Amino acid sequence: MRSYLENLSDNIIIDKEKCIFCGKCVDSCVCDNLRLKLAPCQNACPLGINCQGYVQLIARNEFDKALSLIEEDLPFPRVIGRICHHPCEKACERLKVDEQPVALRALKRFLTDQFDSKIPKDNDKTPCRSERIAVVGGGPAGATASYYLRRSGYGVDIFEAGSRLGGMTTSCVPEFRLPSEIALREYNKLERMGVKINYNCKVGTDASLKELMNEYHSVIISVGCQKSKHLGLEGEKSPNVFQALEFLKSAKNMNNIKIGKRTIVIGGGNTAVDAAQTAYRLGAEEVRIVCLEKREEMPIFIDELKDAMEEGIIIENGWGPDSFKIENKLVSGIHLKRCISVFDDKGVFQPIYGDGERRYFPVDTIIVAIGQKSDTMFQNSVKNEIDFSKVDPVTLQIDSSKVFAAGDIVTGPETVIDAMAQGRIAAESIDLFLQGQPMIYGRFNADGFETDFSVDISKAESLPRVMPSKISVNSRRSFEEIEKTITKEQAIRESARCLSCGRPHGKFRNCWQCLACEVECPEEALYVEVPYLMK
Amino acid sequence: MPKISESYLNADILIIGGGSAGIMSAIRAKELNPEQRVVVFDKANAKYSGSIPRGMDALNIVAIPGESSVEGFVKSASNGREGIVDDNVSFAIASRSWELLKKLESWGVCFPKGESKGYEALTTHSKGKYTVTMKEPNLKTILHEKIKQTDTVILNRTMALELLIENGCIAGAVGMNVRTGETIVCRAKAVILASGGAARFGLPDNGHLYGIYDCPANAGDSYYLAYNAGAELTGMECTVCYVIIKDINCPLLHITLTRGGKLIDAYNNELEVGKDNLTSALPVEHFMKHGGNIRVRMSHLPEETIKSIEDIIFSTERPIVERFFKGRGIDFRTHDIELAPTEFYLCGGHGLTGVKIDETASSTVPGLYAAGDAAHGQGYLTGAFTLGLIAAESATSYASEQRINDVAASPYLKEIENFIHKMRNNKSRISVDEFEFKVRRLINNYVAPPKNEFKLNRALESMNQMQQELCDLVQVETTHDLIKAFEIRNIITCAILSASAALERKESRWGWWHFRSDYPEKSEQYRKHVIVKKDGEKVSTYLKEAVTMNFEEDN
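Going down the list, the sequences are from chains B and X.
For our numbering, count along the first sequence from 1 and bump the result up by 1402.
For our numbering, count along the second sequence from 1 and bump the result up by 743.
Since the hints were made in silico from the structure, they are not lab data.
Because the structure is a prediction, the values reported are computed rather than measured.
We treat Cβ as the ideally placed atom computed from N, Cα and C, and that holds for glycine.
Some clues are possibly wrong.
Each computed DSBU-like pair below joins lysine-lysine, with the alpha-carbon atoms no more than 30 Å apart [claimed, not checked]:
#1 Lys1937/B - Lys891/X
#2 Lys1527/B - Lys889/X
#3 Lys1418/B - Lys1069/X
#4 Lys878/X - Lys1937/B
#5 Lys1069/X - Lys1420/B
#6 Lys891/X - Lys1467/B
#7 Lys1598/B - Lys891/X
#8 Lys891/X - Lys1804/B
#9 Lys845/X - Lys872/X
#10 Lys1792/B - Lys1157/X
#11 Lys1523/B - Lys891/X
#12 Lys989/X - Lys1937/B
#13 Lys1426/B - Lys845/X
#14 Lys1527/B - Lys891/X
#15 Lys1426/B - Lys889/X
#16 Lys1937/B - Lys1050/X
#17 Lys1937/B - Lys1032/X
To list a few chain X residues with every Cβ distance to chain B over 12 Å, as calculated [to be verified]:
#18 Ser838
#19 Leu843
#20 Gly851
#21 Asn1012
#22 Glu1047
#23 Arg1201
#24 Lys1277
Quick look at which bits of chain X chain B covers, simulated, 3 or more residues with Cβ under 8 Å [said to hold, decoys possible]:
#25 770 to 776
#26 949 to 962
#27 990 to 1001
#28 1172 to 1183
So that you can see chain B by itself, here it is in the shape it has in the complex (with noise of 0.2 Å):
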């Protein structure tokens, strides 16, 4: 119901050339008149990245200010550019005018190519707050969380099982796809940051989490789901049946393994094609992946699925582990049955089997990539303390304790942008909590964003989306990169793509002319003209 008020003119003038949508506009409005009309794309984005701002700081060749611009919502984003997931690209306008979305991932990744990774201007390495806050965990979540809360003065000390930060990033997610080099190089800003990092420290053994308690006035658990499933069937002990994370986990250090040259991976998701292309690299020259799941339901992402094809894997849909054939203590074949339905109704995982159906295949190697949960070992000294199971959905407080989480330990396994998301959100939880101020209030939906607009695409042409080239079938065998960054003259082109969806305007038409949005809009894009009554 439009008031009249909404219908008069609107006195805000918007110089879209020069707008980079960032919204301080909206946020410094004092009558509240001002809204920013939200591209699809960053609305899409789990950590709000402002894409449209980046995409158009490309097509006008401000690559610095683009890279800038991601930065203020994403401190990996080398780690994101080249392996995220992109929900921002299934949201894309562009969709609806040639049916290719944007290319906001290699466009992301062109950016964080041309510059080295840098810690923030402004960091002081000293905390300016007296508190110290301990984050159990490393990976992307932890890591995103100690970024937020060192940048707001903090005292943060990492507590990390393995060698590294990163974790399922750079121990299992394979070199083909994220260069170890390249993302610890990111990660590591937090210690040039004056994060503090113990590595080799693993809570429930090296160090308990009643200590930590005692000695941080708050703590974040982000573990992550590092067990892997089991089949339970008879066998999965044998020495050439892998867990897909420890295989990747033994690749990715450059351990010897012993690949057989027939390999069978069980599964269906992420784990299962970069176990798959894994093992193809180790030398394997028959690779099957064998999933319950049809083409259509593999929790995959498509472009991962394209490369293992063209490396010649095959992809047996519909078929389950009925049970190994066992000779010397060795897996040497494996029987499957029919997979008829994977989920039922309600969407539960309720795999149902068909009677008839069944297949053989001799084996030289398993690798079972079944899925992942939680290992709760670090809880065990306050088991009685704390209900681990009342984790508030919102604020990501622990049963109203100075204790939180984050990450893959709450939403079980999700994407690395997810967690890098709930890792902010611990991060301001945790702030609002040790100032004393309420955690949810004002906090949530009330950054003056609006969704609910439509995009003219009616001029829009269609252009060819750009696509990143990739290295040879034939020099597959490596583990060097598959995907390669675009050029400049690639980004300049795909950039163009975009609609530029989103935009500021004075939505509520009740402007009072403080001229505080024009004060605060970096860019000078913003002009505010007496409203045609008063003019």
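Guided by the hints, dock chain X onto chain B, whose structure is given.
Frame of chain B; chain X shown alone:
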């Protein structure tokens, strides 16, 4: 649409309003006791909120030692409001004013050099040069930066809806987030009301609901809150109106007339403006009575003076005027500037409306203080700052002896929920803006001068009806609209209080501001406050002596 989610926090001092008075109050409270917990509710963003969003061109009241006396100001102020000002409040404002100037200067606020103890002072009062020129385009930003260095909890986008009262004493307030609709209950030992006057009151001639003189976010919230809490208010009948730049509704007189500008009427005659009334009622009356056209002329002034006027006007209080004049092709060197009366509104700093306070900024409710336009004081910006300081001092002292009162918030929250429920489920399709237009048009019809008993009674009838129609007819779909509905609730309440007080004052006073056609003369028996106070469901009005101070020397 809001989902009712409640949050809670405690405070030693809760300040409602983060404008000039509110932020100064917070700064002072933290200076006095860094350990005490200070919370500020601001409806907008404290960095730019309030009547002074950016800068200011003068500190209107400064008693410069050896040059302009505190006593002289008290006399001037009393003259300017024809006796209906509490001298103890004027005294408190003026006696802290020099210290205030020094304080602001130490924070980086620019006061140009001049002849009066090093500052440039202008004559705006009969008893001396009290107006000191300030040339600071970033006044609010400076204040905001100062408060951000403390751990004051500033809750932006938060509108206070009700005060919590227990056993006749203040216990805190309930607020709502203007974007999310979440409610927040702040239990506090002391509360300072500093959310301005009722600037959005009458309808302006330019036809724009938001094209008013003062900050449109000031919807009389503090008056409503104080009234509902049982505090005494005064001056509700003092509906003020200034003659400023036509259509754009921005001030000009102060800056120009003090530098030699002339007032010209429709017949090209020069108008005399009395010193104490410079910023008050005279031009309005002339406007109403003599053909409705007054202009400011500067074309006779030396280039240097015009340049300095332009410089200050275009950079401090309302920089938008530069665009306005440019758009109309108006050059001060060759054109006159058309003036017109603003809408009628209620304001402590400009008029004398507000929570009745004493020299300690205390209201009649224990623990409740007021500063700035929300308080009776006639102090302009100086009043906002000095009363802000004083309120903080009083509140700090009071809070140090109190405990947090765990008063139940649920009855207040329930009431708010009922209000919202009604507004969501009304079958009628009257939008909030349409409704507001009618309310404010009715205020123009019946509450604004020229007043008489018939009109004022019609005012009460129609405002009571509108209060009912607000719940019965107005439909609200978003949080933004809901907040406007609460503001209109407050505006209607102010209109009822104004008409009630006007009925009590059976005389005319303050020129046009309270001109009654049925009692056109000023009467000595009404040289008193008209107090309004809540009495059950009724508005109680009565007269009260103004506090006077007599000084030995009457210069």
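Of the numbered hints stated previously, which ones are contradicted by the structure, given in increasing order?
-> Numbers 1, 13, 25 - these are the hints that the structure violates, sorted from lowest upward.
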